[in-house]
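Asker: If you want the building blocks of each chain, they are given just below.
Protein chains: 2
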Amino acid sequence: MTTNPSPQIWLYDTTLRDGTQREGLSVSIEDKLRIAHKLDQLGIPFIEGGWPGANPKDGQFFHHLQDQPLQQAEIVAFCSTRRPHAHAATEPMLQSIVAAGTRWVTIFGKSWDLHVTAGLKTSLEENLAMIRDTIEYLHTQGKRVIYDAEHWFDGYKNNRNYALQTLETAWLSGAEWLVLCDTNGGTLPHEVSQIVKDVSCHLSAVREKNSLIHDQGQNQIPQIGIHTHNDSEMAVANAIAAVMAGARMVQGTINGYGERCGNANLCSLIPNLQLKLGYSCIGEHQLNQLTEASHFISEVVNLAPDEHAPFVGRSAFAHKGGIHVSAVERNPLTYEHIQPEQVGNRRRIVISEQAGLSNVLSKARSFGIELDKEQPQAKFILKRLKELESAGYQFEAAEASFILLVYEALGLRQQFFEVQGFHVHCDLVEGKETTNSLATIKVAVNGKNILEAAEGNGPVAALDAALRKALVNFYPQLATFELTDYKVRILNGHTGTAAKTRVLVESGNGQQRWMTIAVSTNILEASYQAVVEGLEYGLLLYSQGKPILS
Amino acid sequence: MTTNPSPQIWLYDTTLRDGTQREGLSVSIEDKLRIAHKLDQLGIPFIEGGWPGANPKDGQFFHHLQDQPLQQAEIVAFCSTRRPHAHAATEPMLQSIVAAGTRWVTIFGKSWDLHVTAGLKTSLEENLAMIRDTIEYLHTQGKRVIYDAEHWFDGYKNNRNYALQTLETAWLSGAEWLVLCDTNGGTLPHEVSQIVKDVSCHLSAVREKNSLIHDQGQNQIPQIGIHTHNDSEMAVANAIAAVMAGARMVQGTINGYGERCGNANLCSLIPNLQLKLGYSCIGEHQLNQLTEASHFISEVVNLAPDEHAPFVGRSAFAHKGGIHVSAVERNPLTYEHIQPEQVGNRRRIVISEQAGLSNVLSKARSFGIELDKEQPQAKFILKRLKELESAGYQFEAAEASFILLVYEALGLRQQFFEVQGFHVHCDLVEGKETTNSLATIKVAVNGKNILEAAEGNGPVAALDAALRKALVNFYPQLATFELTDYKVRILNGHTGTAAKTRVLVESGNGQQRWMTIAVSTNILEASYQAVVEGLEYGLLLYSQGKPILS
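Protein chains in written order, with the UniProt record's numbering: chain A, 1 to 550; chain B, 1 to 550.
Fair warning: there could be bad hints in the mix.
Put simply, identical chains are the same to the list, so a pair is met inside one copy or across any two.
[Stated by the list, open to error] Restricting the straight-line Cα-Cα distance to at most 20 Å, the calculated cross-link-like pairs of lysine to aspartate or glutamate (EDC-like) are:
(1) 197 with 74
(2) 38 with 198
(3) 157 with 336
(4) 500 with 427
(5) 448 with 418
(6) 38 with 299
It should be emphasised that the hints constitute simulated quantities derived from the structure, not laboratory data.
If we strip away everything but chain A, and leave its shape as in the complex, we get (with noise of 0.2 Å):
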């Protein structure tokens, strides 16, 4: 697509601000750091980094950047119009959001009439003002501006008139976008795609009528946005209506997250806008990476990736065994609307030896382990996975785990120590605020056994505690070692406490992080294995010099 001469949609994230609205959702400025770059490798052109005037963090957020300045894309600030009758030169949010030092601003505005009146208990023509005054003096400020017109739709429903001589203001001000938001997330595609259109003919219509003002370039009319909500499960349809309604940016998020039930997914409106009707948003290679930057991102953000998400999901492209598997393989576009691999997901076919075989070689060698399909150790980590994900094993995410896996087939995996045997105790006497668990363990290495013992609170911590105690002389680089995630699922609910459980832990060493996976009827033996081979790794980290995981 990127030799494709196909109108160009400008595309505009907004994981950072809107998508940090999604209950359960926090991050760290260290977060929207790592979330920032990567949107920025995907070839996003807009990413909104956050609200400076109404949360510190993200004031805080804008000043790290200039450190680490993104590639390609412009990283935008976002604000509301100054408040009502006050002086936009001596507001304090507009303060902020010129200290962020960006080049471009959204500021949004209040569309929709009863929001005025009874929200922001001003007049009508306050509330242009409003809008006014704003963009005129972040313009005297020197920033390019983008306006995000707050529950367009319902406003254009309750008065057609003033919603559009509120866009008319923001554009005669100096915004060179205008973008539509449907706030509320309530209205269909056939409304979206009627109420662009009309936008769109009024805005023309204005031109005509100031064809004389000349200055700002403001005879020209600026380019419409969307900005769009799920709570119809409509998000994605109505981006769509509306581009091919005129609308030439598009706002969302990555696995669309957001508040209520989300924003427009960015992970399924850039196929559909490049693959299916054939815009150009962007590179061809930066497509191809759609599928690791969405679960960078939840793992990023600490949710787990639905598995079932269109185009990048685990299961998206996945096919039951049977007649439909050769007739998959013979042609994969009459069971696929498209290939798996234009957006970097892959084909799941469960009982393809031959498939699974090459995933096995592609993903040791995106580690650096280059293995040949005829290799009889080929076959036997093929052999062990699929033993492993019978059981319950997902590798995916616990990428360490798998490494360590290769490297014991090809005879590398070291051992820096070896467990002998554990005894963990709980005990819990009625009144006391929590439990108290000891753990002892009995750990050798290089030949000299060492029995230490270490309280915790609860039983995985004990034995946490007991293991780095009983390691950190002999590898003193374990100081460094700690545990940043622990995720426990069942994975067959309906057999009660007997369930198999699945831990996947998250280990640091300040520089990196790895995940390590085990699976065990015994929630306390697998949160053990997970623990264990994730001070393995980062042991082999160490010795390595270099770090396996780039």
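Mind docking chain B on chain A? Use the hints.
Answerer: Chain B in isolation, oriented as in the chain A frame:
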């Protein structure tokens, strides 16, 4: 909407067939029966029960259903057309669909020439004969037929004339519904709209051509249905586009369950069709049960409900604090696209004490406990709920724990037993298959102390076993209790093994099931608390002689 003169849309639920294709979803016959009856209460007119020929479990389901017939809904059996060059009358799969004893059957056939020649490896003519023979044979068996045109939209794009011929054939053989299926989920709404319109025009033209045919009323055009998948995140939008283009049957699943990325989500389709477009689907009183039905079915299939699901998700009408809230309370419709109550959901305004209190009262009322909001106990319960919820508890699922809390506040909570402490220990010796866990527990019943010990596969199982052993002599009914489900979720992932753990335990006594919840930084303590409350609630049911939860 019950008295609404607006056009009727016929809903067709395939949760029990297409829905169970979802990876990780498996249902027993009992589960299927519970779901079918719930869908019947919800007012879904057509419920697809399964494919009796392909799956023996489905065959049994139809037989069991004859003992527990549905009130309103038509249960539908699903099957493919006969195999190439076979005889419909002797085709085993068609025998089993007849044996299923339903009034209606759904037959799916190939629309895409490529699937006929490459997939079935037969001629285009033979495929038409397969459709004709199958439908005509089922007619002779007194069945009313719905025809699912598999891969319809891809087939139409590839070879319009042949695709249309397959529909004509189905119609003229006696199908009453022609359902256009976007089997690969790759079609976009504007295409669906155009193609559905073209099909209607074509069928009218065919009617003219066949105006002399009068037997079996085939001069009457069959109605068009739509069946969509979510691979482009367009399943709901595509179904709506089809309806606006004239389709009158909509096929989908509850919560959008289905293969790969799922089917069209009825929980979004129904409110969009009924509340936004004015079609009539189900009764108003049934629409009010939509959220409950969605959650009920997700519990039965043992998948966590999607908290961000449109209309029925826990976050769908959640409002953050601040000015926003007062505005919402003044005029909800300026911030909500529909009234949550219309779909049986509720607004969640975290900071609004009043809202909280009325929630407590209404919830207690739903369990037959009348509270007055001036009662100090009511305020106490609310305070306690807020403390527990901010600690990570969630009572939506764990109603048994909620009731115990209410009983406690009202001084009605009986003390069946008092756990005075426990001691669990687990040993792992390298090389042994699994870890052994031994639990010792001290309980007091009627002032008598009992010390018991039991082994188990993992610490929780051991604790559960010891507790039952200690209590069963006092409460023989405990023998009938079982732990039917056990779910663990980490609440704040980033703090590693010290993270808070939420444990949900489902217990049962053969007749009913109930859920209890506990949260702790110690997974073992949380599990133990939830297990103990599960037993206590079970005993409460017996002591009252009647179930509290209906």
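Asker: Please list, smallest to largest, the hint numbers that this structure does not respect.
Answerer: 1 and 2
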